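Could you build the full structure based on these sequences and the hints that come with them?
Number of protein chains: 2
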Amino acid sequence: MLRIGWEKPDLEAVDLEGLEKLRRECGADIVRMTTLATCGHPGGSLSCLHILLTLYSNMRHDPVAPLDPERDRLVVSNGHISPGVYSVLARAGYVRPEQVLLGFRRAGSPFGGHVEPKVPGVEWATGNLGQGFAAAVGSALATKLRGSRATTFCLMGDGEQQKGQISEARRIAVKFGLTNLVGIVDRNRLQIGGKTDEIMPQNVNEEWEAGGWNVLDLEDGHDFGLVYKTLRRAVRREVDRPDRPTVVVARTVMGKGIPFIENDHKYHGSALGPADAGKALVLFGAAADPAAAAADLAAWTDRRKGAPPAWPLPPRETARATLDPGTPVDYTPSTAPDMRSAYGKVLEDLAKRNNATGAPPKVLAFTCDLEESVKMGGIKKATPGAFFECGVQEHATASVAGRLSHEGYVVFFSTFGVFGVDEVYNQLRLNDFNEASLKVVCTHMGLSVGEDGPTHQSVDYLALLGGLFGFRIAIPADPNQTDRVIRHVATTPGNWFVGLPRAKTGVVVNSDGTPRYGGAWKYVPGEADRIAEGSDAAILAIGPMVTNALEARRLLKESSGIEASVWNFVSIEPFPASAVIEAARTGVVVTVEDHSVWGGLGTRVAERLAMVPPIVLRKLGVRGYQTSGPYQDLYEAAGLSPKGIADAVDAAVRTARPRRPNGGGGK
Amino acid sequence: MLRIGWEKPDLEAVDLEGLEKLRRECGADIVRMTTLATCGHPGGSLSCLHILLTLYSNMRHDPVAPLDPERDRLVVSNGHISPGVYSVLARAGYVRPEQVLLGFRRAGSPFGGHVEPKVPGVEWATGNLGQGFAAAVGSALATKLRGSRATTFCLMGDGEQQKGQISEARRIAVKFGLTNLVGIVDRNRLQIGGKTDEIMPQNVNEEWEAGGWNVLDLEDGHDFGLVYKTLRRAVRREVDRPDRPTVVVARTVMGKGIPFIENDHKYHGSALGPADAGKALVLFGAAADPAAAAADLAAWTDRRKGAPPAWPLPPRETARATLDPGTPVDYTPSTAPDMRSAYGKVLEDLAKRNNATGAPPKVLAFTCDLEESVKMGGIKKATPGAFFECGVQEHATASVAGRLSHEGYVVFFSTFGVFGVDEVYNQLRLNDFNEASLKVVCTHMGLSVGEDGPTHQSVDYLALLGGLFGFRIAIPADPNQTDRVIRHVATTPGNWFVGLPRAKTGVVVNSDGTPRYGGAWKYVPGEADRIAEGSDAAILAIGPMVTNALEARRLLKESSGIEASVWNFVSIEPFPASAVIEAARTGVVVTVEDHSVWGGLGTRVAERLAMVPPIVLRKLGVRGYQTSGPYQDLYEAAGLSPKGIADAVDAAVRTARPRRPNGGGGK
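If you read the protein sequences in the order shown, they are chains A and B.
Everything in the first sequence is counted per our numbering, starting at 1 for the first residue and increasing by one.
Everything in the second sequence is counted per our numbering, starting at 1 for the first residue and increasing by one.
Just so you know, the hints here were simulated from the structure itself, not pulled from any lab data.
Be aware that one or more of the hints could be misleading.
[Unchecked claim] Taking lysine-lysine and the BS3-like style, the derived pairs with C-alpha atoms no more than 25 Å apart in a straight line are: (1) A:Lys195 <-> B:Lys175; (2) A:Lys352 <-> A:Lys305; (3) A:Lys381 <-> B:Lys266.
None of these values were measured; they are calculated from a predicted model.
Structure (structure tokens):
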């Protein structure tokens with residue numbers, strides 16, 4: 001890869017020659033990759049190629065240290081142009097071209113259909129359009145807070161400009177003065193279905209201008225000299241309003257470099273057939289003639305018949321702040337606030353302890369016009385530079401905050417449950433897939449939001465959050481438990497969800513009246529707490545329902561002499577499975593939650609009870625985020641092929657047989 | 001209520017007097033309502049009051065026929081201004097002021113904290129900002145398709161302008177030429193947290209202009225004459241570009257009419273205390289002096305101590321198209337396409353049969369830049385006016401389509417699963433709460449999306465959709481079943497989800513090789529299909545896994561002599577609970593799905609198995625959308641009060657006791 005930097009005003013002949021050589025090499029690899037996989041996105045890969053090569057020839061980056069904190073970052077928001085990205089990363093030394101050609105879009109390989117950070121040099125998994133741009137805003141905010149001189153670039157599609165999340169993130173970038181952010185729109189005027197002007201007319205430049213950005217028109221995104229000069233202006237802030245971020249709108253041609261597919265939207269998402277691919281390889285100078293090209297493709301096809309190349313994944317370590325978790329607060333029944341105020345107090349305490357004056361803050365707080373309700377006033381007052389009011393823009397905020405949590409900050413994102421889970425589920429999902437470390441603490445959960453009504457009653461969040469393979473979930477029952485859960489979450493990497501009610505529901509106490517979760521009590525993920533004993537029935541509860549369950553226990557004893565145990569299932573993920581079995585020894589289990597009976601505590605308890613004999617239940621399905629690859633290979637890997645299913649049934653029957661000595665069914 | 005119409009160029013003195021009288025009456029009711037409930041949103045209610053009154057004095061509407069198809073529609077997207085809306089609906093004759101004052105924000109009453117269509121005159125439940133505007137776009141499209149001369153108005157907050165979904169819906173309105181749509185922005189420059197310019201700076205007018213709309217500045221939204229003239233211009237299209245929709249940006253004052261709260265953002269979402277409320281009632285002329293005002297409030301407070309007034313809800317009937325469902329198609333193993341192509345064929349068939357030339361179409365199809373993938377090319381070609389390409393704008397599209405489905409059309413919305421469920425879950429949720437009748441048919445479900453990779457693999461949709469109390473769910477196993485399921489769904493009112501794979505997975509056949517779901521086979525919600533018998537184990541599968549399960553059954557028999565039954569659980573909601581119990585008689589149950597093991601078929605099967613003795617399980621929680629009201633009342637209604645819990649445990653223990661004659665626990 002060339003190393004030019006942005007110093008010289010114009011590219012020189014030697015630069016242009018070098019870039020042109022790279023373009024031909026990468027172009028050929030894009031064609032090979034997609035044709036070998038018989039799928040993928042060559043069109044946009046080729047419309048972005050000049051831009052990608054110019055960026056990697058000028059950005060500060062180092063293939064040996066792809067996570068260097070001082071690197072310039074490129075977030076590819078139009079993640080489907082993965083062939084273009086992989087081809088350039090290969091030439092830049094991050095991976096070997098051969099690995100890409102052998103691995104592209106195969107099960108078990110990191111070279112997926114949409115870019116993923118398993119591949120070094122890829123900053124963020126994208127492909128759900130609009131989210132990558134918000135992640136880039138988060139990236140620029142992360143380096144700005146740190147006082148780094150790094151620039152974040154964000155490449156976007158023009159069809160992608162239709163996503164509302166773009167307009168939200170655009171405003172966040174302006175509000176927080178992210179002059180270290182350069183957006184680039186690949187304005188090839190085509191999207192999957194056809195011309196952008198026909199699919200959904202849009203005034204791209206005007207919208208960015210209305211959003212308060214500098215807009216630079218790049219009249220030919222395939223003229224390396226012009227690409228360089230325009231990006232250079234953006235990087236050096238040679239713009240009308242240097243206090244604002246800048247977007248470059250690059251006029252490009254889909255499929256550029258292969259005249260017979262240029263401007264044909266079909267090749268947005270289709271590979272060339274072998275014959276056309278051969279012609280293209282000749283055009284890119286990768287083969288002398290069609291016969292040589294056919295031999296080239298045939299050789300690769302043969303090599304792809306084996307397993308994808310072993311790929312030593314680099315450790316996915318990101319910087320992590322080390323926090324002083326402070327000392328837990330003890331609330332008594334007479335001093336206890338509502339749980340969200342207890343949360344606000346911890347947040348303020350963590351900020352005071354960890355956000356030193358004159359240094360970048362470690363603990364950050366994000367909300368969407370609900371500062372007071374979610375009790376972020378304390379942290380805002382204590383360390384104003386660590387508080388980010390993002391307006392009624394939940395989608396972008398979730399993605400911005402998610403990216404920051406991946407850049408070494410401890411990031412809390414708080415709003416009402418219905419906005420922090422239901423509204424932004426897919427943003428949390430992409431954060432989770434990117435192995436972010438976001439602390440989503442939602443208030444006003446369940447029916448406790450009361451008078452705001454059903455549109456605001458979040459009674460489904462545990463069903464949804466179960467769909468995120470990496471999220472852990474805690475639902476505290478009182479302010480003492482909230483305090484300790486939040487301190488645990490702040491100091492434990494990974495994605496967390498904590499749900500709190502709106503109402504003030506008191507303090508959970510022991511039979512002697514002392515606070516149960518005060519003092520030395522510690523939150524241990526995966527453990528439930530048996531607060532009260534009882535052999536007639538077990539009441540399993542979460543959140544504010546724990547208090548009601550304890551009171552129900554008293555009523556039961558009084559009225560019917562029934563002795564019920566009461567369990568607080570504060571840890572929903574990991575789920576305390578053995579506690580369910582223990583509780584079930586009473587023979588009667590009642591779950592209580594101000595959540596739908598679907599998908600919450602009750603469903604999780606039922607799942608565990610269903611594993612109790614006499615019936616043997618096995619659930620085959622997906623147990624984590626998968627890779628890109630032919631669906632049959634993915635079925636195979638997930639145990640869903642006919643053979644996989646047969647093996648599982650066979651094993652299950654063998655488990656059951658000891659109990660069925662006649663070998664017959666249960667009929 | 002006055003009845004002016006938009007004929008005269010200016011309001012006359014008598015009009016102004018009448019409006020002013022109404023303003024004082026409504027203002028007083030807004031104060032009473034919120035102070036009595038000790039919560040609610042007086043600020044925006046008062047900033048919008050002149051606009052609301054002007055609209056209801058001029059729109060075509062009839063309190064006796066609130067769902068008249070020819071009515072003008074007002075969608076209140078800033079749903080928190082419900083006190084303002086209820087006060088005006090009361091004066092317009094839709095409800096009685098007394099009902100509102102007694103019912104506002106109480107459990108079991110329709111007068112919720114955010115507007116809900118249980119109240120006649122309310123078009124759409126909102127409160128999740130941004131969605132109401134998209135619903136209004138759907139409403140305008142609905143009447144335009146029908147050739148109606150109705151106008152749709154949409155009132156929005158200015159904080160709400162931050163939501164990305166607004167920018168998406170704005171473009172849809174332009175693309176489809178909705179000149180019958182008038183947006184109104186309540187530009188009071190305050191939102192919950194403070195000044196809009198500080199919370200999230202935004203160029204409201206410029207963004208609407210960039211979005212291609214006419215923008216009319218209304219310099220004083222509290223001058224009835226000016227409000228009238230400006231709205232009249234919008235309605236009569238006296239604008240620069242009459243072929244475009246128009247938005248009126250109304251400069252207003254939060255809390256208008258009560259000088260001591262004007263422009264104080266605290267009153268966005270807080271009620272006045274009794275003393276201040278008394279002063280306000282005097283200002284509005286509702287009481288002669290503070291003492292009289294206090295007596296007024298005390299009297300209402302007393303009356304609110306009883307149960308909320310019985311409220312005879314009007315039937316929530318919406319127009320429904322009667323469809324010719326056509327004749328099911330029979331696919332054989334040799335002629336079968338993939339399931340999504342079978343879907344496309346039905347859609348085309350339904351369009352040809354039901355969308356007559358020269359008449360409004362009955363069957364509509366919506367997609368987001370995935371026409372070809374979701375196989376909507378057929379309907380587009382057959383009846384182009386019934387096909388709506390909405391670009392990469394899933395959030396707005398889901399809301400637009402949802403509203404149309406409530407306006408008497410049979411509306412199909414198709415995209416990939418990850419965009420049609422994960423991305424727009426909260427939009428589907430609000431559609432569901434609004435009792436829409438949307439047919440969400442997603443393709444590329446589960447791992448079958450294969451090479452597009454994990455960002456596109458929808459393996460969580462059944463967990464999410466379970467959170468929507470009103471959605472029914474079907475997952476067909478082959479093209480024949482797809483054909484019949486879609487015809488059923490098209491002709492059955494209500495919200496439906498149908499999930500289809502990307503891949504071609506053949507035809508499910510009987511042991512004699514004949515197609516199992518051809519001919520007279522009919523889809524019956526709530527029924528599973530036992531395709532093959534077997535007494536050693538039961539394999540329960542959905543979608544493309546049914547084929548794999550049948551093949552697994554063959555392998556098992558061959559290799560271990562195990563006889564497994566195979567069940568197709570095509571109906572996920574309603575769930576065939578009795579089939580689970582029947583299948584479990586083998587003693588071994590294996591569920592198979594290309595979905596997460598959380599929240600899909602396996603979890604639903606486990607839920608039912610957990611209900612099998614010896615353990616008695618009861619799940620207490622929420623079983624439907626609730627109402628607005630104090631949270632304790634909602635707990636009570638959901639059986640979550642201590643007493644409710646105690647009663648449930650008591651009943652459970654009594655159920656269990658016959659099996660535990662010693663009365664002891666299971667220990």
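Here is how each hint holds up against the structure:
For the given pair, lysine 195 of chain A sits about 14 Å from lysine 175 of chain B by alpha-carbon distance, which is consistent with the 25 Å threshold. For the given pair, lysine 352 of chain A sits about 58 Å from lysine 305 of chain A by alpha-carbon distance, which is inconsistent with the 25 Å threshold. Straight-line distance between C-alpha atoms of lysine 381 of chain A and lysine 266 of chain B comes to about 18 Å, which keeps the hinted pair within the 25 Å bound.
Hint check: a violation occurs at hint 2 only; the rest are consistent with the structure.
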